[in-house]
Amino acid sequence: MKLVIAFVKPFKLDEVRDELKAVGTTGMSVSEVRGFGRQSGQTEVYRGAEYEADFVPKVRMEVLVADEQAAEVVDAIRRAARTGEIGDGKIAVLPVEDVVRIRTGERGTDAL
Amino acid sequence: MSPGDIAFVLLSSALVLFMTPGLALFYGGMVRSKNILNMLLKNFFTISIVTVVWVLIGYSLAFDGSVGGIIGRFGRFGLSGVEGEELLFMVFQMMFAIITPALISGAVAERMKFSGWVAFTSLWALIVYPIVAHWGFNADGWMFAWGVRDFAGGLVVHINAGIAALALVFVLGPRRGFGKEAIRPHSLPLTLLGAGILWFGWFGFNAGSAFAADGIAINAFVTTQIGAALAAMGWVLAEWRKTGYPTTLGAASGAVAGLVAITPAAGFVTPLAAIAIGLVAGVVCFWAVSLKFRFNFDDSLDVVGIHLVGGMVGSVLLGVFASQAVNGGVADGLLLGGVGFFFKQLAAVGVVIVFSLVASYLLARLVEATIGLRATQDQEIEGLDISLHEERAYVLTD
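Respectively, the protein sequence lines represent chains A and B.
Residue 0 is where the first sequence starts when you use numbering that gives the first Met the number 0, and the numbers rise one by one after that.
Residue 0 is where the second sequence starts when you use numbering that gives the first Met the number 0, and the numbers rise one by one after that.
Derived from the structure by calculation, the hints contain no laboratory data.
Warning: the hint list may mix true and false statements.
[Stated by the list, open to error] A few chain B positions that, by computed beta-carbon distances, are all more than 10 Å from chain A:
(1) 181
(2) 248
(3) 292
[As the list claims (entries may be wrong)] Computed footprint of chain A on chain B, listed as stretches where at least three residues anywhere in the stretch have a Cβ under 8 Å from a Cβ of chain A:
(4) 231-243
(5) 283-291
Given the structure is predicted, the values throughout are model-derived calculations rather than measurements.
In this text, a Cβ means the ideal position worked out from N, Cα and C, and glycines have one as well.
Given these sequences and hints, build the entire structure.
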């Protein structure tokens with residue numbers, strides 16, 4: 000199993016969710032985070048003084064998938080989240096040792 | 000006074016009181032979210048502090064007779080003998096005595112400890128404010144008697160508070176990270192709401208200063224509206240040109256700068272003069288708020304740039320635009336040939352700046368040496384809301 004973690008532009012969240020549903024993803028978690036990559040910060044102007052904001056808002060999403068689904072999910076996220084502009088975000092894929100559904104005690108892919 | 004006049008001044012007093020919570024929101028939106036309650040409370044609690052000080056002794060020092068035009072006497076201690084219409088005058092003036100030290104709080108935001116603030120404002124409201132109010136608002140005060148005019152407090156309120164803010168900043172020092180990190184406003188909607196409340200309340204401040212529901216009050220009401228609107232426009236156009244963006248904070252700041260500048264002149268100038276005063280105030284104050292970076296003093300929310308500089312613009316331009324045709328209680332300004340009046344206004348600005356700077360600096364040093372002015376470094380980093388008040392403004396998880 001894999002854990003797919005993606006950092007995407009906040010306004011792309013709905014499109015990414017729809018695309019993931021379309022490829023059969025059954026669950027995901029999202030959180031609002033702040034960060035920077037190559038896009039770096041953003042300039043803000045208050046009373047004429049410019050400030051460099053180090054962190055820009057992003058959505059972090061986590062999706063647990065079976066090994067064979069991982070590539071499809073990564074593609075789906077990339078398709079939906081891409082604008083072609085700098086700051087579109089990143090996707091990471093991590094190996095997962097085990098998954099447990101708390102209610103039933105199911106383990107492994109049964110728990111996905 | 001007629002019942003109409005009494006009703007008008009009572010309502011104006013309430014409007015002026017309402018400016019202080021408005022100011023609290025104006026400032027509160029501009030600080031980081033960890034410090035907003037401290038900012039609000041410094042303003043709100045000032046209402047309590049100054050009410051006590053004013054009733055017990057402040058009013059007497061400002062308005063009970065005169066010792067050489069410098070200060071009043073102690074005869075009205077605890078408001079003894081003050082009744083009827085004078086009681087009305089007392090409470091109207093009380094609201095001015097409240098908001099003036101509250102204005103200072105913006106300069107020392109996010110680092111001054113609450114006990115230090117209480118001590119400083121108590122002393123300032125006891126000593127500095129009544130003396131300057133005596134000079135400008137009491138007919139026996141030296142400025143008023145000499146012919147200087149300050150309709151609703153350009154000298155007494157705004158220059159006085161603005162220069163006191165600078166003195167306090169000298170003693171207090173800058174916030175951690177000033178000039179290095181981005182210290183940004185956390186809620187500009189609150190700031191805009193606060194500016195709107197200030198604008199609304201300012202009609203009581205300026206029109207009420209006629210102390211009668213008469214033509215001068217109407218004139219002051221109209222010039223107040225014009226001054227605020229034009230300064231907001233001037234500020235936004237200036238920043239649009241310089242940075243490429245018209246901003247919410249610029250519009251709110253400009254409106255307040257215009258209200259400040261029209262304050263000394265409201266009952267003495269024509270609507271056309273108010274257009275000029277407002278525009279000049281908007282542009283000049285926009286430029287003035289950049290001075291703190293050039294001279295490296297952390298006047299956090301620009302009390303100097305808006306209140307000191309706006310008050311100077313208004314008091315000096317009153318010397319230019321004052322018109323006896325508008326109000327028989329003022330000399331003609333420079334445009335109508337009144338050279339002497341213009342220079343008296345300039346001199347008054349200088350004297351108030353020097354006096355308030357020195358007196359406020361000494362009071363700040365006194366408080367620093369006794370109970371201290373500044374929150375600890377840990378408290379400043381953690382935020383004054385939690386560390387000084389054990390409260391949080393925004394609870395995102397129950």
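Structure-based check of all given hints:
Remark: the non-interface label on residue 181 of chain B conflicts with the geometry, its nearest Cβ contact in chain A lying 4 Å away (cut-off 10 Å). Against chain A, the non-interface label of residue 248 of chain B is violated: not every CB pair exceeds 10 Å, the least being about 6 Å. Interface exclusion of residue 292 of chain B from chain A breaks down, the closest Cβ pair being 6 Å apart, not more than 10 Å. Requiring three or more residues with a Cβ within less than 8 Å of a Cβ of chain A, the coverage given for the stretch 231-243 of chain B holds, as 3 such residues are present.
Taking a C-beta to C-beta cut-off of 8 Å, the stretch 283-291 of chain B contributes 3 residues in contact with chain A, enough for the three needed, and the coverage statement holds.
Comparing the model with each numbered hint stated earlier shows that hints 1, 2, 3 do not hold.
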